[in-house]
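A.B. asks: Sequence:
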Amino acid sequence: MNARFIIGAAWTAIAIATAMPAAAHGSGEVVTPHFEKTIPNIPGKTLKAVIVDYPPGGASVPHAHADSSFIFAYVLSGEIESKVNDGPRQVYRAGESWHEPPASKHLVSRNASKTKPARLLAVFVLDSDEKALTTPIE
1 MNARFIIGAA
11 WTAIAIATAM
21 PAAAHGSGEV
31 VTPHFEKTIP
41 NIPGKTLKAV
51 IVDYPPGGAS
61 VPHAHADSSF
71 IFAYVLSGEI
81 ESKVNDGPRQ
91 VYRAGESWHE
101 PPASKHLVSR
111 NASKTKPARL
121 LAVFVLDSDE
131 KALTTPIE
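So in the numbering used here, spot 104 of the sequence shown is number 104, and the numbers just go up one at a time.
If you are wondering where the hints come from, they were derived from the structure by calculation, not from laboratory data. Any given hint might turn out to be false.
Listed next, the in silico DSS-like pairs over lysine-lysine satisfying Cα-Cα at most 25 Å (straight line) [what the hints assert, rightly or not]:
#	residue 1	residue 2
1	83	131
2	116	37
3	131	114
4	131	116
5	45	114
6	83	114
7	83	116
8	45	116
Ranges of calculated distance between the beta carbons of each label pair, as one might list FRET restraints [stated by the list, open to error]:
#	residue 1	residue 2	range
9	64	115	13 to 21 Å
10	33	99	17 to 25 Å
11	63	114	28 to 36 Å
12	43	95	28 to 36 Å
13	99	61	27 to 35 Å
14	42	117	30 to 38 Å
15	55	137	35 to 43 Å
A quick note: this is a predicted structure, and the numbers were derived from the prediction, not measured. Just so you know, even glycine gets a beta-carbon here, dropped at the ideal spot from N, CA and C.
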């Protein structure tokens, strides 16, 4: 996979995120799809990017990611608290990033601040036939 392609796609998603308003997805978060492109040199794979906006104190419900999805997450603003699989809870600040392996369970994903909003870019590389990026964990 061409690293320049992924980085370019991520920066494109950031540029679009600053130019477009977000659409409501659920309580505690707003998820805006910003980029989707089949990867031409990797048959059956697609790159998707979303922006997740958290209001002060906002959180996502615990969820599982698509079985094939490798994820790169980058904090655009604010602070995000995250716990993936059996890993520790961690707080990531603007400019920090992490990755998540395929079929991860995202048990905590929330704004670490009760007074300031936070924004996250999530870039997924996944099988082209997988449509749902996340599924709530019950």
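A.B. asks: Which of the numbered hints above does this structure break?
C.D. replies: 2, 3, 4, 5, 8, 9, 11, 13 and 15
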